[in-house]
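Student: Sequence:
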Amino acid sequence: MKKITGLSILVLLFVLSATSAYGESVKMQGNSFPSGTIATASSVYSSYIPANVIDKDLNTRWNASTYQATLQLDFPRELNISALQLAAVATPTTDEKYTVFGFKNGLWTQISEPTVRNVLAQNTPVVLEPIPVKPGNYDAIKINIDGRNSWVAINEITYINETLNVPHLEKDVDGYIILGWNSVQGATHYEVKRSETPGGPYTTIDTVQEGTWLGYGDRETYDVEENRYKDYYYVVTASNGSVTSPNSNEVSLIRPKTPLNVQAVAGDTEANVTWDKVDNATSYGVRVATSEEGPYQYLNYVKDNKITVSKLVNGTKYYIQIFATNDDGYSRYSSPVSVIPGVHQTLNAPHLEKDVDGYIILGWNSVQGATHYEVKRSETPGGPYTTIDTVQEGTWLGYGDRETYDVEENRYKDYYYVVTASNGSVTSPNSNEVSLIRPKTPLNVQAVAGDKEANVTWDKVDNAPSYGVRVATSEEGPYQYLEYVKDNKITVTKLVNGTKYYIRVVAYNDDGSSRYSSPVSVIPGIQETETPTETPTIN
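Residue numbers -23 to -1, 1 to 516, in mature numbering (1 follows the signal peptide of the UniProt record, and there is no 0), belong to the letters of the sequence shown in order.
Hints are computed from structural coordinates only; laboratory data are not their basis. Take these hints with a grain of salt, some might be off.
[As the list claims (entries may be wrong)] Heads up, simulated EDC-like pairs for lysine to aspartate or glutamate below, C-alpha to C-alpha not over 16 Å straight-line:
#: 1; residue 1: 390; residue 2: 488
#: 2; residue 1: 207; residue 2: 173
#: 3; residue 1: 477; residue 2: 428
#: 4; residue 1: 353; residue 2: 366
#: 5; residue 1: 254; residue 2: 281
#: 6; residue 1: 111; residue 2: 72
#: 7; residue 1: 353; residue 2: 330
#: 8; residue 1: 4; residue 2: 32
#: 9; residue 1: 294; residue 2: 330
#: 10; residue 1: 283; residue 2: 253
#: 11; residue 1: 417; residue 2: 386
#: 12; residue 1: 148; residue 2: 305
#: 13; residue 1: 331; residue 2: 487
#: 14; residue 1: 111; residue 2: 55
#: 15; residue 1: 471; residue 2: 410
#: 16; residue 1: 477; residue 2: 452
#: 17; residue 1: 170; residue 2: 208
#: 18; residue 1: 207; residue 2: 197
#: 19; residue 1: 148; residue 2: 253
#: 20; residue 1: 234; residue 2: 203
#: 21; residue 1: 331; residue 2: 378
#: 22; residue 1: 234; residue 2: 330
#: 23; residue 1: 74; residue 2: 32
#: 24; residue 1: 254; residue 2: 428
#: 25; residue 1: 234; residue 2: 247
#: 26; residue 1: 331; residue 2: 391
#: 27; residue 1: 283; residue 2: 247
Please model the complete structure; the sequences and the hints are all you need to start from.
Tutor: Pasting the structure below:
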């Protein structure tokens, strides 16, 4: 503004008092600058400091004591800016000129054309039309302002950042995945990103230019043999070189896993084939050969996890493989199983049950025609299984696998069991599978001291219905066992203030217990010498 006289002071006071309801009728566009932004100026009049331009209040202002001035804003982090909007006052009405510079990579560069805006002499600040700048990320900006015939005065500044809409991604599959998406206004190109885990992290695998076919066929997921059975997750981003959109929706290519536990039971000129169901498989393919190496003949697809292969020749050895399919593709072939159809005896599969007393105890029903039973074990569900013992018909039809408990390193492994019935020439299909799955060790155990107590928490453990807690005054023990709790927290009370305690947690289920957690220490209350008189208990 012009040099202040007694009259102009009255004008300033009137302007300030008349702007209290301003925000109700006019709003500035864009964003306020983040906390930590520092405002400085080449000239300051009286108490009208530069910080007023970023205080989110149109009733305050920065006033220079000159007709030309420079205002600088240093940001706490990079900001994406495509335009600035100013609210200003002037006395008298004037055409002010603004030139904006941006600071990036250690250099100041001009990022706007000299821009003229008309600032009216009125009782409230004028919200000016936005000033376009070169879109980009900047560490700071400065504005050279020429007030012409008025001292420079700015009430508020906001910034506008350019945004791009998020593309919507769709897919088709023809052996490999084919992606397609919509055109995004303002985008010059699109980045196709892929991950082998849902949610990323994603790696850019190609760039597609706007104006071409907005799609991408990822042939690598099919043409490279080892990639045909992996899971893939995709997103697309729109970009114009300075601004990039958020990730699109994620689409996936999830082909089914290989069918497990394939079994073939011979019949008269036929074979009854079964296998475990596969998650997200919509159908299964079956192929048959008279040699393990093939060639294989493909049969019809089936939706259920079983098939009767008919019109076979009795006495001929056949090899059978299964694969799973869905809309995204197909699995690897299962390992071939052999079968010789003919008129001969079959044995039913036993029904397997279990009990646990530290180690697992298996039991099953007698199968007519069987002379013995093979107990098989695996460390993965569905096998492959290894025979660990043979039990004769006419004895106790059970087996206690003490090795899973007596050998220290085995106590915390998972085990899966099946039993087959046999008579020396014919073997039944596998029984149902039973498992021994003991819980994992509780993690993130924390103890917070209180007055004569400690509040202990830990992360919940899958398939652990209860937990045990033990306490000692020495890290090596001996530890005193407290009662079991169902929740993943406990308050240990009746402790002695000033005494250091060590606490460990163990998870339990019907199959056994986990390893103990690493001990955590806690000193309850104000440390002072006391003699314990009571046994620690819990609430």
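Student: Give me the numbers of the hints this structure contradicts, sorted from smallest to largest.
Tutor: 6, 9, 15, 19, 22, 23, 24 and 25
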